[in-house]
Amino acid sequence: MVAQTTNQKLGELGAISEQGSKSLKVTANSSDLRKFSDAWEFQENEFMRAKERLRSIKANLAVLEGKMALAIMYIKFVVDGVWRIDPLRPITKNHGHENNVFVVK
0 MVAQTTNQKL GELGAISEQG SKSLKVTANS SDLRKFSDAW EFQENEFMRA
50 KERLRSIKAN LAVLEGKMAL AIMYIKFVVD GVWRIDPLRP ITKNHGHENN
100 VFVVK
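In this text, residue positions in the sequence shown follow numbering that gives the first Met the number 0: the first is 0, and each later residue adds one.
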């Protein structure tokens with residue numbers, strides 16, 4: 000789609016003469032060029048967003064394939080000098096002790 004838009008705009012800007020001298024006839028006005036520039040910038044932004052999404056997907060696949068290990072930690076908090084768990088976090092019982100589960104991706 001970008002190539003199509005580029006070719007259309009190049010056609011609007013002019014054509015190369017077939018007389019051996021390659022000169023460019025400029026027939027577009029500044030608003031056409033501004034629209035082309037805005038469209039190009041929009042395409043570039045979309046490309047960058049797609050690149051970030053792909054990077055995120057690759058990282059998730061690496062975790063799923065076992066290339067990167069998840070870190071599972073068991074934690075507690077000290078509140079007023081007393082060890083406590085957070086009731087809103089996942090809880091595990093291990094060897095008679097309760098801890099919160101914290102997963103680092």
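Calculated from the structure, these hints are not laboratory results.
Each hint should be verified, as a subset may be incorrect.
In silico BS3-like links for lysine-lysine, alpha-carbon gap of 30 Å or less [what the hints assert, rightly or not]:
no.: 1; residue 1: 92; residue 2: 104
no.: 2; residue 1: 75; residue 2: 104
no.: 3; residue 1: 104; residue 2: 50
no.: 4; residue 1: 57; residue 2: 104
no.: 5; residue 1: 57; residue 2: 34
no.: 6; residue 1: 75; residue 2: 50
As the structure is a prediction and not an experimental result, all values here were calculated from the model.
We went through each hint and held it up to the structure:
1. Straight-line distance between C-alpha atoms of residue 92 and residue 104 comes to about 22 Å, which keeps the hinted pair within the 30 Å bound.
2. For a cut-off of 30 Å, the pair hint linking residue 75 to residue 104 stands: about 19 Å separates their Cα positions.
3. At roughly 20 Å between alpha-carbon atoms, residue 104 and residue 50 fall within 30 Å of each other, so this suggested pair holds.
4. Annotation: proposed proximity of residue 57 to residue 104 holds, straight-line Cα distance about 13 Å (limit 30 Å).
5. Annotation: proposed proximity of residue 57 to residue 34 is violated, straight-line Cα distance about 35 Å (limit 30 Å).
6. Using a Cα cut-off of 30 Å, the hinted pair residue 75 and residue 50 is violated, with the two alpha carbons roughly 38 Å apart.
Consistency note: the structure conflicts with the earlier hints numbered 5 and 6.
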